[in-house]
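**Student:** The chain contents come next:
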Amino acid sequence: MNAIIALSLSGIASLFLGFSTNRKNLLITTLLFVLVALGLNLADWNHEYFWFNNMLKTDNLSINFSSVILLSTALVVAISRSFGDDEEHTHPAEYYAIMLFAAAGALMMVTYENMIMLFVGLEILSVSMYILTGSDKRNLRSNEAALKYFLMGAFATGILLFGVALVYGATGSFNIHGIGEVVSRTKKGMELFEGGVILYAGIILIFIGLLFKVSAAPFHFWTPDVYEGAPTIFTTFMSTVVKTAGVAAMYRLLSISFPAVYGLWGNPLVWITCLTLIVGNITAVYQQSFKRMLAYSSISHAGYLLITILAKTPNTNGSILFYSLAYSIATISAFAVLMIVSENKPKDGKPDESFEALNGLSVNNPFLAFVLTVSMLSLAGIPLTAGFFGKFFIFTDAFSNVSPLFKNILVVAILMSAVGVYYYFKPIIAVYMKKGEIAEIQLPLIYKITLIITTALTIILGIAPDLVKNMF
Amino acid sequence: MSLITLIPLFPLLGFLINGIGFRKVPNSLVGIIGSAAALASFACALSLFLNFSGTPQLVHVFDWITVGKLNIAMSFQIDQLSLLMLLIITGVGSLIHIYSIGYMHHDEGFGKFFAFLNLFLFFMLLLVMGSNYVVMFIGWEGVGLCSYLLIGFWNKNVNYGAAARKAFIMNRIGDLGFLLGIFLIIAHFGSVEYADVFGKVAEGGYLSGDKTLVAITLLLFVGAMGKSAQIPLYTWLPDAMAGPTPVSALIHAATMVTAGIYMIIRSNIMYSLAPETLEVVAWVGLATAVFAASIGLFQNDIKKVLAYSTVSQLGYMFMGLGVMAYSSSFFHVMTHAFFKALLFLGAGSVIHAMSDEQDIRSMGGLRKKLPITFITFLIATIAISGIPPFAGFFSKDEILAHVYEHNKLMWAFGLLGSIMTSFYMFRLLFLTFFGEFRGTKEQEHHLHESPLTMTAPLMVLAVLSAIAGFFNLPHIFGGHAGLAEFMAPLFAHSHVETAEVSESTEIMLMVISVVAALASAIVAYVIYVSKKAVPAADGAESGLQKVIYNKYYIDELYDAVFVKPISALSTFFHDVIDFLGIDLIVESIGKLVKTLSAEARLLQNGTTGFYLFAMVLSIVALLAWGLQGFFF
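Protein chains in written order, with this note's numbering: chain W, 1 to 472; chain D, 1 to 632.
Keep in mind that the hints were calculated from the coordinates and are not lab data.
Quick reminder that beta carbons are idealized off the backbone N, C-alpha and C, glycines included.
Beta-carbon label-pair distances, calculated as ranges:
1) D/G68 to W/N46: 28 to 36 angstroms
2) D/W64 to W/I414: 24 to 32 angstroms
3) W/K435 to D/A43: 51 to 59 angstroms
4) W/N46 to D/S2: 36 to 44 angstroms
5) D/D196 to W/N470: 28 to 36 angstroms
6) D/E599 to W/A13: 44 to 52 angstroms
7) D/L6 to W/I414: 45 to 53 angstroms
Covered stretches of chain W (in silico footprint by chain D; criterion: 3 or more residues with CB under 8 angstroms from a CB of chain D, positions within the stretch not fixed):
8) 150 to 159
9) 198 to 205
10) 220 to 226
11) 280 to 287
Over the 12 angstroms line for every Cβ pair with chain W, so calculated as not near, a few chain D residues:
12) S75
13) T440
14) P474
15) E485
Please build the complete structure, drawing on both the sequences and the hints.
**Tutor:** Below, the structure is given as structure tokens:
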């Protein structure tokens with residue numbers, strides 16, 4: 001797990017780079033750090049290792065998840081633009097360092113073997129995100145968001161930790177494989193073993209901690225407020241890296257420790273999935289702010305990801321990864337366009353993040369308009385984009401599961417993706433059909449390259465999904 | 001990369017260069033690139049032809065679609081039929097490309113024109129080279145698209161756009177039949193590869209008149225009717241003359257419209273087992289041949305006459321197919337490609353000289369001003385009228401001889417058609433090139449022979465029109481029927497009844513048709529040269545002539561029977577079903593979602609305390625729900 005070590009060290013190195021006065025170099029250096037970590041991560045391919053006294057375990061699945069996380073991190077770093085020129089109020093070295101630490105935490109969440117590491121990784125990630133959310137110090141919304149996130153996050157972490165303790169009480173182990181063995185052995189021995197109550201409560205509480213992180217309903221309330229208040233660049237980070245890590249952590253736990261007691265957690269999760277899909281999509285319809293709409297969109301995508309975790313077919317690995325990747329690159333595109341357009345036209349001194357801010361974007365900025373369109377189409381799941389195949393794989397998984405329950409989920413999911421089309425087309429309509437005046441926006445080179453990469457990847461994966469799906 | 005895959009690649013490259021570089025590639029280079037692409041393909045095709053061993057060659061390019069057991073490959077098949085088609089397409093195509101350099105050089109869309117022309121070649125080559133029905137269908141649709149683009153090439157004229165649309169829609173009707181035919185083939189044979197399908201037919205012990213085969217062949221023939229302009233789907237072809245004249249020559253005379261004949265010859269093994277279909281093919285062909293020829297008698301637009309002539313000649317080819325004279329029909333495809341391309345290009349040369357005038361009533365006496373055009377046009381006219389020893393005589397008489405064996409009545413009608421052919425062609429020739437000039441002074445002043453880029457292709461085609469008959473010289477003239485012999489392996493499995501026509505009958509038939517053709521040419525001479533008759537002005541015709549001049553009002557009939565009712569139906573659907581039914585339902589669902597959303601939004605009230613309360617409630621509910629099983 002050299003990537004975690006590398007990220008931690010380079011995070012510290014970034015802090016020292018903050019003494020240098022040249023802010024521009026920081027971006028390139030950080031990007032380099034992330035790419036080195038990505039390389040180290042891929043170097044472990046096809047090797048199963050235990051690390052730090054069985055605390056972490058790398059396998060191909062975790063390496064794939066790590067790659068998606070590191071790729072998203074790299075793309076987010078690439079669109080950070082060194083956090084502007086405001087030398088007094090922004091501290092890029094610290095932000096980059098914290099992002100690197102957060103990524104290290106995220107990697108732990110996808111490679112943990114011991115529940116303690118899940119908790120440690122989650123906390124590293126969460127605490128970093130609390131700070132980054134509040135990093136716009138002069139902005140009250142940002143401060144409020146950070147405080148809210150922290151309060152609720154602390155609450156959720158407490159619940160997760162309680163759950164870990166209960167599971168330990170029921171099984172006597174922190175090791176996820178160990179837990180899995182005990183659970184399946186006792187399951188065979190008796191219908192309801194004596195620790196059943198404790199085990200169930202433990203599983204549910206761990207779940208709730210993780211569902212909070214991926215913003216599944218009804219634990220999603222923090223999401224819109226925090227997403228809207230946080231600086232857009234960190235919202236991007238939150239909705240891609242944090243979500244992927246949370247989903248991966250949950251999948252790892254459920255598929256290794258608790259497959260034997262599917263009956264215990266399957267039913268509650270079905271309801272949570274449906275609720276998440278409905279709440280996320282329906283509420284998004286009414287939003288006037290693009291950023292807030294994307295927050296609800298992120299909730300709804302958590303719902304889609306939960307479907308395939310539940311369906312647990314042999315294809316689930318590939319489906320989750322493909323969906324996470326498709327979702328992440330499209331989201332990064334969308335936030336990148338939002339960020340640069342909203343800053344272009346401040347309203348009361350703050351970036352204007354409503355749909356109106358996008359009106360008439362296509363006239364002078366056809367490139368940004370196209371990028372936005374592709375990302376929206378992908379999020380809506382329109383064919384020829386990666387998002388379509390993401391949804392397609394997930395729906396296929398759900399369909400191939402024999403349980404009739406999945407047909408119901410599928411109906412909800414398909415109806416809700418129809419609702420999704422409505423609100424994802426709002427920005428497209430604003431960009432192409434509404435009249436507005438936006439002067440040509442100059443994009444930094446690296447920004448432009450990033451957008452080309454995300455857009456091209458979205459289209460390529462939408463035409464030839466097997467290119468990537470087969471790797472997973 | 002083998003020579004075979006190169007053939008379609010050259011025009012594709014030409015298309016990409018001229019298409020992407022439109023307005024950037026200089027005009028002088030555009031023509032050279034376009035023509036070079038066609039010539040390069042011709043060279044490859046020729047070298048393949050000369051080195052052809054007699055056994056079909058298959059080239060697998062890539063697997064395109066694999067679904068279940070069905071595998072559709074992008075692959076090419078080179079055999080006798082595709083080789084001959086290749087030579088015609090690339091050969092005549094190259095000549096027309098060269099001609100276009102001169103004809104189109106004033107046009108502002110010069111680069112676009114060559115790009116489309118190359119794209120057309122590419123698809124046409126796919127059509128004839130594909131080793132399965134799906135590749136043929138891709139080419140089929142592709143040439144349809146290019147035909148649409150080129151008919152409407154001068155897209156600022158609304159009428160031209162309408163003509164393009166008409167051609168496209170008419171063809172879609174046919175394509176639907178073709179597509180259904182392909183589906184039936186897939187359903188029945190489980191493959192679309194020619195080799196597999198024909199192999200199964202040959203070994204499957206199918207009886208003559210097998211229902212599936214009749215259905216398949218009929219559906220395929222519907223496709224052929226659309227593309228090759230047969231009754232009732234022929235009305236698009238005369239309108240298609242809106243396109244630039246080289247397009248009419250290449251697409252609407254020499255190549256694309258013969259795709260239907262190619263398809264039937266390709267599937268001859270199935271057709272031979274479906275006599276009912278063959279009967280339909282023969283009668284549709286005959287009706288088209290006579291009907292279109294009669295319309296051609298009184299048309300005054302130089303290109304319209306040629307267009308109806310093309311429809312009529314295609315009818316002859318289908319009639320030949322219908323009596324299983326496959327190689328004779330193909331022979332006629334070939335000779336027709338030469339003389340009809342020549343006629344169109346000659347007409348183009350005339351139009352060019354006349355400053356875009358197409359009405360033959362305003363022409364006359366052009367033979368002195370346009371000597372090369374006149375001589376070549378004359379050769380083509382003799383060839384199409386079936387006067388020996390030029391090409392049309394041999395190919396048409398071969399078809400008529402087979403038809404005579406099959407059905408005497410059919411032959412009589414066929415002869416009638418060929419008499420009319422001879423009449424309208426000589427009428428066209430005399431009105432255009434003989435007598436006094438009837439146009440304006442200004443036009444007369446501008447009259448000039450076309451440049452060499454235009455006349456050279458005319459001369460090459462004139463030579464071909466004169467001698468092509470000897471490629472398949474029948475035995476009675478001491479020939480070897482070389483073409484028929486070359487194509488024989490194609491029909492090896494299809495039980496063609498070779499009813500040999502006796503020599504005396506054959507000679508008798510020839511004499512009759514030659515005499516008839518000559519007689520009607522003389523009649524035309526008397527009317528239009530000796531008596532100097534000029535067709536009446538528009539609206540002054542009377543009686544039958546008026547009906548024929550207005551093409552039997554078929555367009556009006558279609559309009560009343562199909563277009564208007566469908567328009568009315570669509571208005572009904574739009575106003576009633578769509579607005580009152582669907583929109584109402586859809587919009588109320590939308591409103592419902594919006595209302596729900598407005599309510600759900602209120603849950604998000606910004607109070608952390610409420611959020612935590614909701615979380616705690618949910619946790620309690622989840623725990624209570626799960627734990628009740630343990631306690632109760």
